[in-house]
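Novice: The residues making up each chain are set out below.
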Amino acid sequence: MMENSRRSFLKIAGVTAAGLSLKPVTDVLASGGHQTKSSPIGDVSKGKDVLTAKRWAMVIDVKKMAHDGTVHKCIDACHKLHNVPKMTNKRHEIKWIWDEEFHHAFPGQHHEHLSEAIEHAPFLVLCNHCENPPCVRACPTKATFQREDGIVLMDFHRCIGCRFCMAACPYGSRSFNFRDPRPFIEETQENFPTRMKGVVEKCNFCAERLAVGKQPACVEVSGGAIIFGDLDDENSDVRKALKSNYVIRRKPGLGTGPQIYYMV
Amino acid sequence: MLERALNGNKNYWAWLMLLMSIIGVAVVFYLYQLWFGLGVTGMSRDVSWGFYIAQFTFLVGVAASAVMLVLPYYLHHYKAFGKITVLGEFVAIAAVTMCLLFILADLGQPQRMLNVIFYATPHSMLFWDMIVLNGYLFLNLIVGWNALSAESKGVPPPKWVKPFIYISIPWAVSIHTVTAFLYCGLPGRGFWLTAVLAPRFLASAFAAGPALLILLCLLLRKLTRFDAGKEAIQMLSKIATYAIIINVFFFFCEVFVACYSQIPEHMDHLQYLFFGLHGKGALVPFMWLSMILMFTGIFMMLIPKVRTNETTLAVACVAIFIGTWIDKGLGMISGGFVPNPLHHVNEYIPTIPEIMITIGIYAIGMLVLTVLYKMAISVKEEAAGLS
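So the sequence lines, in the order shown, correspond to chains A and B. Residue numbering for the first sequence follows the working numbering, starting at 1 and increasing by one per position. Residue numbering for the second sequence follows the working numbering, starting at 1001 and increasing by one per position.
Honestly, I wouldn't trust all of these hints.
[To be verified] Cut-off 25 Å, straight-line C-alpha distance, at most; resulting in silico cross-link-like pairs (SDA-like, lysine to any residue):
| hint | chain 1 | residue 1 | chain 2 | residue 2 |
| --- | --- | --- | --- | --- |
| 1 | A | K251 | B | H1278 |
| 2 | B | K1159 | A | R6 |
| 3 | B | K1083 | B | L1218 |
| 4 | B | K1280 | A | K142 |
| 5 | B | K1159 | A | K63 |
| 6 | A | K86 | B | I1349 |
| 7 | A | K90 | B | L1031 |
| 8 | B | K1159 | B | S1149 |
| 9 | A | K86 | B | Q1033 |
| 10 | A | K63 | A | K251 |
| 11 | A | K142 | B | L1104 |
| 12 | A | K251 | A | H104 |
| 13 | A | K90 | B | F1036 |
| 14 | B | K1079 | B | A1150 |
| 15 | A | K86 | B | E1347 |
[To be verified] Covered stretches of chain B, going by a simulated chain A footprint (3 or more residues, C-beta under 8 Å):
| hint | stretch |
| --- | --- |
| 16 | 1027 to 1039 |
| 17 | 1109 to 1120 |
| 18 | 1124 to 1134 |
| 19 | 1150 to 1163 |
| 20 | 1243 to 1252 |
| 21 | 1334 to 1343 |
Calculated directly from the structure, the hints in this document are not laboratory data. Every residue, glycine too, gets a C-beta built ideally from N, C-alpha and C.
Pulled out of the complex, with its shape left as it was, chain B reads as follows:
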C-alpha cells in the first residue's frame, strides 16, 4: 500500500523535496547540538525545559484528538465520520512520531534513552509516558493501516482490529493525561500544580486537533478529488467550538483561583506571563495574542453563518490552532519555570539552532503525514471511482 505514495505529480514531489531539504538542514543543526550539548538552545539552569518539550506537550494533544473521530464513529456509529477516521489516525501517527522525536532532541544523553526500559521505574511519570506514547503509535498504525488496507480491497476491516479500536479510545485520553501528570504532580511548581491541568490539556487538544483536521480536509478538497463531506467538517467544527470554550473556561478557573486567593506562589507565574515580572516580560505580547486568537476563534465559531462558510471556518481554525499552540507551546513551560523556586526571574528565549531543529522535526511530521495521506487518498479515490 505504501507504494501508492510514490505516484505523485510535480507539486507532490516538489513538496517532498522541500520538506527533505528542511529536514536536511535541521539534521546539521542537530549534529551541532549533539557535538556541543544542549547549550546551543536557550535553556538555562532555571528554565531547564524549553521549546522541544513545549512542542511535545502540544503535539501529544493533537495526537490524542484522533479519538474525536474514532469515538463517534466506532462507538456511536456516526456514519459521517466513516470517510475520515483514517485521516485522524494518520494525524495521530505523525503527531506521536514528532512527540518522540522532540523528546529525543531534548535529551542530554540520547544514546542512553533505552535506560528508561532497562531500568524501568514505574513511579516515574516519564516511564508511563514512554509506554503510552509508543503504545498509541502502535495502536494507530495497526488500526489505521488495517482499516485503509481493507478499504482498498473493498471489504470491511477484519474483526480482530475491533479490540484495538476500542482500546485506542481510553488510550488517547491517557496519553494526554499522563503528559499532564508529568507537570501537575511536581510539588515545587505552583503554576502546574493544579487538578485542572489534565482536563485543560484535553480541552485544548480537542480544539487544536479537530481544527487541524478541518484545515487538512479543506486542503485535501483543494488538492485532490477527496471530499470529507460537509457534515463531517461541520461536526468537527462543533467539537472544536465546545472544546475551545471549555479550554478558555478552564483557564479562567485557573486565573480565578490564583488571583482571588492571592497566594503569591500561584499569582507570580500568571503575572510574569501576562504583565511581566521584575522588568522581564518577553512572553507578554504572545500570551495576549493567544487570548485574542482563542476568543476570536470562539466568537467566529459560535456564529453559524461564519462556521458554515468554509473560508471563514478556515480562518477560525487557524486562530484556534495558533492560539492553543501559544498557550501550550510557549506559555505553559516558561510560566512554570519563571519565577524559579527561589523567586529569581531568568527568562527563556529560544535560539536559532533550537528553532531550526524544531522546524526540522515538524517537517518530519509533515513528511510522514504527506506520505500517509497520499496513500490514503489514493485508496479512497480508487474506492470512490469503483463504486
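Chain A on its own, in the form it takes in the complex:
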C-alpha cells in the first residue's frame, strides 16, 4: 500500500512541476525573444537635467575645509537631506560622512612631526566610491553595486543585512540599521526614502541630486572646499585641481582605487 501511494504522489508531483514550469517557457516564447518586462511605474529614462559622467570623483581642499563650521555644514546637509537618524546608542551610530583627525583618516601615514595645519585639520571621510570596490565584490545579492559612472549604490530592498560589505570596506564607511531608524530622524525629508531596520547604508554621492542636475549636498554647502566632477573629462574642476595640486588618498596600496582625493 505504501509503495502505491508513494508512487502516485510522485506522479502527481512530477506533473505539477511540469505544469508550473510551462508558464515561464510560454512567456519567453510568446514574447518572441524580446526580453521586455513592463515597469510597474511606467517608462523609466534619464531626466533632461541629469548630470552624467564616466567617472565621478571628489577633491577635498583640506585647508579650505578647516575654515570654521564648513565641516559641520557638510555633515549636517548630507545627514538632513538623506534622513540619516541620530541614534542615541553609540554602538548603533549611523553616519554617511564625518570628520576625523589625520592619524585616523590616514593610519600608517602619521608621524611625530606633522605640520600644525595637518595635525589639527579636520578630514572629512565618507564612502570613497572606489574604482575597484571590495564591498561590491563581497555582497552576495548585488544589493550593493557599482554604477557605470563609478558611484557605488545600495538597494535597500534587496539587502539581506548580512553585513559582509561592512567587513569588506577598508575605510569603515558603512553603517547598519541595528534598529528601526525612523523614530530617530529629526526632520523627515519626504523626497528621499527612509530605511528600515536590518539594512546597511552609506553615502550615495547624492545620485538622486545628480539625476536632476544638482551637485552633491556636501559640495554645495562647502563653499568651494569640495570639488566634484568627472575624472574622465579633461576640463572638469576635479581634473584641474588634480593637475596642479598634490593629493593623497586613503589606503591607496590596497588597490581599491578610492575616488576621494585630499589636497593637503
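For chain A, the structure is supplied; the task is to place chain B on it using the hints.
Specialist: Frame of chain A, contents of chain B only:
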C-alpha cells in the same frame, strides 16, 4: 528509521524536554530580536559581526571534521572507524544545521535570505558558502542515512552511495576553506588577511571535531551498550593531537609574521587580543586561557599514559575543544574588527538576548544530534545483538 528515536527511557525524554524548553526560551528572545532589530545584540558599527558569526565559523570546522572518519575508513579501509563513521556524519549534520541557523539569526532581513539564490553572485564568497554548506548537509544526510539504513537491514550500503561518499571528502575541506575565504580576502582587515587562515581553520577543526567525537563516544559508552572501540578512540585522539599541535604552530607563525615585521596594521589586533589596546582589553583573559587550554591539551595528549587513560583523555579533549572554541569563537571575530579601519578601539561584548539565542541554537543542534544518535545506537545495538 526515525521512529527508533521515539523509544527512550525517562532520562532520554527528560533530556529532550530540557532541550526543548531551552529552545522555547531562545525562540522568545529571537522574536524579540526580529521585532527590535539586531540592536539587541552587542554588535556595533565597528564590530559588525559577533557571537552568531563566530559560532558559525567554529561549527563549520566541527562539521568538516567528519572527514577525519570518512577518509581513513572509505579511502584507506581503516576498519576500526567502520562502527563510528555514521556518528561522525551525524555530528556533521547537527553542526551544519547550527551553522545555517546562526547565519539566519545574524541576518538583518532574514525573510530576504532567498535573495542569495534569486540574485546569485558568484564573485561573493557568501554565495559559495551557502552552496557548500547546504551541499554538505545534503551529502551527509544521504550518506549517513543510507549507511545506517543498510546496517539496520544487515546489508552493505548500496553502490550508488559511493560517489557521494567520495565527493564528501574534498567537500568537507571546501566548506571550511570557503568560510576562511570569507575572511582572508578582505583587503581592509589585517588580522584576517593571511594565507594561513584556511589551513589554520582546518587544523583547529580537525582538533575540535575529533575531540568532540571522542567525548561523544565515551558518553555513549556510559549511556548505552554501544562501544566505539578502544582502537577507534585512540586513533581519533592521535588525529586530534597532531591537529592541535599544527593549529598552535600556525598561530605562532602568525605571531611571528606580525611581531617580527612589526607592521602596526598586523600587530595591533594581536596586541588588542592579548594585552589590550588603548585601555580596552575585555578579551585578554580569554585569549590567554585559550592558549593555556590548548597547550595543556597538547602536553596531555603527547603523554601516552594520559592519552590511553580514557578519563584523562576526556579532560584533554575538553581542554582542546574549549581552547579552540575561544580561539575561533571569541578571538577571531573581535580580533579582526578591533581596532577598526580608522584605528579606533570599540569593544564588543555579547548581550543576554544574544547569548540566549546562541544557547538556543546549540540546543537545537544537540536535539538533532540526540535524535540521530538515538536512531543510530538503536540500529547498532540491534545489529550487534543479532550477530
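Novice: Output the indices of the hints that this structure fails to meet, ascending.
Specialist: 4, 5, 19, 20
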